[in-house]
Amino acid sequence: MLYDKILGSLLGAAIADAMGTPLESRPVYLIKQDLGDGGFVYDYKDMPADSFAPDMKKGMVSDDFSVVFASLEAFVKHKGISREASIEGLLNWVHDDRYKLYSSTYMGPTTKEGIQKLEGTYVAENEYREEMECDQKTITNGAAMKTWVAGLLNPGNVEKAIEDALTMGVLTHNNAIALSGGCSVAAATAVAMKEDATLDEIVEAGIYGARVGYEKAVKIAKDAAGASIAKRIPLAVKIGLRYSNDFEGCITEMTDVIGTGLFANEAVPSAFGFMVSASGDVMETVYRSINAGNDCDTTGVIAASMAGAFSGFSSIKDGEKHLKYLSEVNGMDIEKMAKDITELLNQ
Amino acid sequence: MKEVLTDRQGRIYGSLLGAAVGDSMGAISEGFSPEFLKQRYNGYLTDLLQPTDDGMTVDSHPGMVSDDFSVAYYTAEVMLENHRMMDHDMAVKGLLRWWEHPEYTVYCGPSSRNGIMKLIDPDKAVSHTSNLKCLNGLVTNGGAMKSGIMGVFNAGDVDQAISDTITMCRITHTNAPALAAACAVSAAAAKAFDNDVTYLDLINAGIYGSEKGYELSASFADPVCAPDVVSKIRWAVEIGLSHQDDFETTMIELADTIGSGLWAYEAIPCAFGMIAACKGDLLKGLYMAVNAGQDADSTACMIGYILGAMHGYSVIPERFRKLIDEANGFDLRKMAIEITKLQEGVKDE
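Protein sequences appear in the order of chains Z and E.
Letter by letter, the first sequence follows residues 3 to 349 in our numbering.
Letter by letter, the second sequence follows residues 1000 to 1348 in our numbering.
Under 10 Å between C-beta atoms, here's a sample of chain Z residues computed to sit facing chain E:
| id | residue |
| --- | --- |
| 1 | D36 |
| 2 | D52 |
| 3 | P56 |
| 4 | C136 |
| 5 | I141 |
| 6 | A178 |
| 7 | V220 |
| 8 | A229 |
| 9 | E255 |
| 10 | G261 |
| 11 | T262 |
| 12 | F265 |
| 13 | E268 |
| 14 | A294 |
| 15 | N296 |
| 16 | D297 |
Simulated from the structure, these hints should not be mistaken for lab results.
Idealized CB from N, CA, C, for every residue including glycine.
Looking at chain Z on its own, in the form it has when it is part of the complex (with noise of 0.2 Å):
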């Protein structure tokens, strides 16, 4: 049971990764122009000449679940969340062969600002920035891309998941905001593994831990100027329950109203909108999400992967596909990893 939500949990991010990437930074109508044939896009898609990574193949993830990646082989290693482990699995993530693809080309602004700081390579570019006290720049979704794992080794924890979400996310973002929406994330995939876990639970965790989490982020990382995660997620679900029933209607209301762009206060609640839509479906609130466009292969991460936790791999159509395409293409063995991280948490 543990074994198959945290399989699904994984495969959920990764397809919606690899599905959400070609299709990243584009809005709908161009989504369904350039690659649907008119219509929504339901499958693995070549990478467009116009997009960040047009050498990239065809199934292959980004930033987003390769970061994952890297750093839960970390976590399996040093058998739990640790600053020390955050660390070895953000830098293995850029040095290793196996990943240094997906870094290269992938890595978002506060990322890398975050990395080079942890390196002492960083350069200011303007010392005005250093000073300041808040900082709108780095009101990014790169926390909540990751910290999902927080949730996932630690079932129905969900105190223990926002710890071990800051401490992976101020590594990088050192931005209230930013750590409000991974810490979100955290907490509502903590409840997602629980067995007899509710949607409702879910969406009630992940408002719990935003507002949490913003309270104990300002304390150790630079506070910042940007709409609530906490209180945009109850309206993205509003408009999730509202458009259930209509595929299009759910998306094109998320997009006008909250936005799935970059931003942590666009990106998580979109999310949890998107995933209360689909009633928790992996496929299906993967579809809605990676064809909302814009950050869109975040946005479908962060939401299939608590979807996935809820769902589990069993509910997954053509699970066995997915996870042997995507293992295939990435090079990444995830059906091990799920089975090292039981290990761990049976431990």
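Using the hints provided, position chain E relative to the given structure of chain Z.
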């Protein structure tokens, strides 16, 4: 003895001043969260103070404006010198005049920088060097931060204000949501010069302007991903109207849900929400935008154009009027008179 201002002149002066005061006061609070500001200023920030070192300002002093008002000011200056209403040439010359003032261009946002680089050094323009089809990072509020001036030059003529806004802003802002947001502000500012105008009229004009902005830019706009400016204005106004007598609740609710950040789909809708929340009161509107933090100077600047035109300069404390002119070397009263002369001259021709 100064000549007495006519009603129109007084409102133009009010609009310019409102925008400048909003920009200057908001530059102090930009980038901070409302909770932080409240603690720091022991309540609300309602004055033109010396900016702190840990904020977004660079070598600034009390009353000094930032990029928002200055880019519009230098564009107006160029138009007045040439005795011409807005056209492509005026827009370009206005931008380049502004570029000569590093004390203000130090705040230049990504889209304005891109637009200016296209003019002077295309190799440095993101839009020329990126292979991406959609540059989603350019859906910014920098068109809307300056477009209020087109409402001033076209006082009372909403459609002309919209059309001039597109001409002015499309050099720097080439996507539909950024232009729609810019048209919302200029349309509302132009409308605010009507006699007996109400704040609900201004909101309607803003919604009309943003719808028109999408329509008029459809043929040339670059594709981008962004929330819908019209939907978000409606939603922000709904929030504003829901808690009209509760300043703190509306401010926080708008900042937390709509957001008042750098994006065209945040600061502009938020400005209209605040106009609704404050029932069109200029100073309250400015204080709300300033104390909501985020991109406070842009949000406050837009509110200043619109509500300053509605109420005229007399609602703005005299100390602010003086400080703005002194700190920036402006003479906004004189500029207001010259703008009315240009308008009358154009009408006669």
